[in-house]
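Q: Chain R: place on chain A using the hints.
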Amino acid sequence: MSERENILARIREALTVRAPMPGHAQDSVTHPPAGSGGGSSGVRQWLPLVGYTFQERLELFRTNAAALKADFHLVASRDELSERLLELREAEGWKKVGTHAGELTDFACGQLALPTCRTDGGYDVAELESCSVAITECDALVAQTGSVLVTSRSAGGRALSVLPPHHVVLAQSRQLLGDLPEAFAFLKKTYAPGYPSFISFITGPSRTGDIERILVLGAHGPRKLTILCL
Amino acid sequence: MKTAAQEFKLQAGRLTADLRHRGLIQTALGKYEVVRDQTKSGFQDWQAARQAAAQTKWEAINHLDAYLVQFVEKLESRGTKVHWASTGVQAREIILGIIREKKAKCIVKSKAMTSEEIHLNAALDQAGFEVVESDLGEFIVQLRKETPYHIVFPAMHLTRGEISEVFARELGSAPTDSPEELTLIARRVLRQKYITADVGFTGANFGIAETGMISITENEGNARLSAALPKTMVTLMGIEKILPRFEDLALFLPMLATMGTGQALTCYNSFYGGPRQPGETDGPDEYHVVLLDNRRTELLADAEQRDSLHCIRCGACLNVCPIFKNVGGHTYGTTYSGPIGSVLTPHLRGLQEWKHLSFASSLCGACTETCPVKINLHHHLLHNRRNAARQQPGFAEKLAFRLFAFVINRPWAYGLAKRAGRLLQRFHPWVKGGPLDPARAWTKTRELAPIARQTFKEYWRGRQLGK
Numbered sequence: 001m002s003e004r005e006n007i008l009a010r011i012r013e014a015l016t017v018r019a020p021m022p023g024h025a026q027d028s029v030t031h032p033p034a035g036s037g038g039g040s041s042g043v044r045q046w047l048p049l050v051g052y053t054f055q056e057r058l059e060l061f062r063t064n065a066a067a068l069k070a071d072f073h074l075v076a077s078r079d080e081l082s083e084r085l086l087e088l089r090e091a092e093g094w095k096k097v098g099t100h101a102g103e104l105t106d107f108a109c110g111q112l113a114l115p116t117c118r119t120d121g122g123y124d125v126a127e128l129e130s131c132s133v134a135i136t137e138c139d140a141l142v143a144q145t146g147s148v149l150v151t152s153r154s155a156g157g158r159a160l161s162v163l164p165p166h167h168v169v170l171a172q173s174r175q176l177l178g179d180l181p182e183a184f185a186f187l188k189k190t191y192a193p194g195y196p197s198f199i200s201f202i203t204g205p206s207r208t209g210d211i212e213r214i215l216v217l218g219a220h221g222p223r224k225l226t227i228l229c230l
Numbered sequence: 001m002k003t004a005a006q007e008f009k010l011q012a013g014r015l016t017a018d019l020r021h022r023g024l025i026q027t028a029l030g031k032y033e034v035v036r037d038q039t040k041s042g043f044q045d046w047q048a049a050r051q052a053a054a055q056t057k058w059e060a061i062n063h064l065d066a067y068l069v070q071f072v073e074k075l076e077s078r079g080t081k082v083h084w085a086s087t088g089v090q091a092r093e094i095i096l097g098i099i100r101e102k103k104a105k106c107i108v109k110s111k112a113m114t115s116e117e118i119h120l121n122a123a124l125d126q127a128g129f130e131v132v133e134s135d136l137g138e139f140i141v142q143l144r145k146e147t148p149y150h151i152v153f154p155a156m157h158l159t160r161g162e163i164s165e166v167f168a169r170e171l172g173s174a175p176t177d178s179p180e181e182l183t184l185i186a187r188r189v190l191r192q193k194y195i196t197a198d199v200g201f202t203g204a205n206f207g208i209a210e211t212g213m214i215s216i217t218e219n220e221g222n223a224r225l226s227a228a229l230p231k232t233m234v235t236l237m238g239i240e241k242i243l244p245r246f247e248d249l250a251l252f253l254p255m256l257a258t259m260g261t262g263q264a265l266t267c268y269n270s271f272y273g274g275p276r277q278p279g280e281t282d283g284p285d286e287y288h289v290v291l292l293d294n295r296r297t298e299l300l301a302d303a304e305q306r307d308s309l310h311c312i313r314c315g316a317c318l319n320v321c322p323i324f325k326n327v328g329g330h331t332y333g334t335t336y337s338g339p340i341g342s343v344l345t346p347h348l349r350g351l352q353e354w355k356h357l358s359f360a361s362s363l364c365g366a367c368t369e370t371c372p373v374k375i376n377l378h379h380h381l382l383h384n385r386r387n388a389a390r391q392q393p394g395f396a397e398k399l400a401f402r403l404f405a406f407v408i409n410r411p412w413a414y415g416l417a418k419r420a421g422r423l424l425q426r427f428h429p430w431v432k433g434g435p436l437d438p439a440r441a442w443t444k445t446r447e448l449a450p451i452a453r454q455t456f457k458e459y460w461r462g463r464q465l466g467k
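For the record, the sequence lines run as chains A and R.
According to the working numbering, the residues represented by the first sequence are 1 to 230, in order.
According to the working numbering, the residues represented by the second sequence are 1 to 467, in order.
Just chain A, with the same shape it has in the complex (with noise of 0.2 Å):
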């Protein structure tokens, strides 16, 4: 028999016997889930509130990604967003530009007018691993953790968008979507059943608090995230 089916042939074994109900043991508080029959259909009554206007989200992932120490700016418009990303360019003296194909990235790089390493069919990790800045677009931001949703598809690969020290995020208001449980709504939506290999909420830069419990920036992946959202 393969361990395959000793494993399996164990589990069974060990399933004739039920075992309680979490929460009907002998001395522990029930507080049944209202209006549910268990699942995650009704997780959102329970996760932090997120508003039911646009303009009500768009304040709330604003504060968000305050806390998070991202860098959040809505723009009105492409000559804004061109505007804005000449300021970085300027600011952090950019020499190279990681990126991927796409309406807004092309878009910027041609803004932009610097060597560009693009991620799609195939790219040299050391090339990608030189450039100041990766400029991708996103699936979806979440308004309630203030959250960039990425997959391979939408953001040139798994590397792009973690690799460079700084990561630039081109989103449209039209992406933002209020909670956790309606992002997963909009993958299935959006992919089932052929989901990229790679899905990623990204929220805020990368961190550690391993020294001391001390907030750094920056651990692995980019020190800093910007959102331009038109």
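By construction, these hints were calculated from the structure, which means they are not laboratory data.
Keep in mind the model is a prediction, meaning the values are calculated, not measured.
We treat Cβ as the ideally placed atom computed from N, Cα and C, and that holds for glycine.
Take the hints with a grain of salt, since some may be wrong.
What the hints assert, rightly or not - So the derived list for chain R, only partly shown, Cβ under 10 Å to chain A, looks like this:
no.	residue
1	L29
2	L182
3	E247
4	Q305
A: Using the frame of chain A, we list chain R on its own:
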């Protein structure tokens, strides 16, 4: 050779009196408590969320066979190779086999407690491979040749001075007391490793049955790099990490972050559904998932304690445990420390040898109360005590309770014992805390309350006479 219990007692005694250690832990956990409570209060209904999480895990664990089969089917359908390991030895052999087949030299590893459980690093070292821990805390303890102090904060017991010292010694860096500088040193060293490593190794926080994905929660980006750059990726996952549905993560990711570090969501929550797919630009050519049993099915067979397989390894029970806060993580001598470690270890490594951990508890219940998936932790410590006594009753304990039962059931014997106690108490100071003291376990570090000069019965009789 000391037994695990003797070693525990010795270390616990030493660390409890170590004020520097206590200071470090109190600062670290003090900061954690503040942010955790802040984040928790953002939830509309935390208790209902806990109940829902507990029920979801109950569903997953009590239908584990079906969900595992679904999970593996989905993973395999997209080109992932799935391996099953009944024991730690098997898991190590499978992983070594993959590494040898790939003719790999360097393995870059992101944090995985399951790999500590099967002593993977030692096995890889012995086989002549270079293994680099990439999580900053794990990297530090690896350089110090220690095991992780805490399942979430591996280097919580170290000051920046000690970290700078080990970096200077092992990496040749200039001494510094800035956490930014220290992080930068590690970042520089590890960057090269990601680029040159042949194999990226990770653990798993959740396995999603519905979609066949591995979910990895982290803050630093090291797991993402380990999963992006090396040509081969290996994930080791305990079979209990299954969640039924993709959307279950909408609850479990924020709960894990809230209880683990106090964040609303950690920096990167990534889901891996296979090796690089057609049309994708990067990622490993091969993806291996190793499913580990290592006595989890034995725990599953214990219906009473089955819920300890619900554990999502957030570390919240360690952080609130008065015993953990005093004796620290290394004292346990186990992979998993704190209340959950005290519950699991007797199952993973043998009840008799590790039953002492069931007594490393004040039974205050803080762990049970904080657990996001409602594991009945402090009751399980009692269950382990009972099981240990049933399996191998201690002679002295049995005798003591027989004697107690005899005395307490006979008023004349009780009266005699009281009088004897009051009489003998006068001589107690001569032997107090010494090897001859019958109450030594208590009096070594504490005062024994004196027996009252007069019993209630004597008082009452005197009062009636006085009338």
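Q: Run every hint past the structure and note whether it holds.
A: Hints, verified against the model:
1. Because the beta carbon of R:L29 sits about 9 Å from the nearest beta carbon in chain A, less than 10 Å, this interface hint is met.
2. Proximity of R:L182 to chain A holds as hinted, the smallest CB-CB distance being about 6 Å (cut-off 10 Å).
3. A distance limit of 10 Å between C-beta atoms decides the matter here; for R:E247 the minimum to chain A is near 4 Å, and the interface restraint holds.
4. At about 9 Å, the closest approach between the beta carbon of R:Q305 and any beta carbon in chain A falls short of 10 Å, and the interface hint on this residue holds.
Of the numbered hints given earlier, the model fails none.
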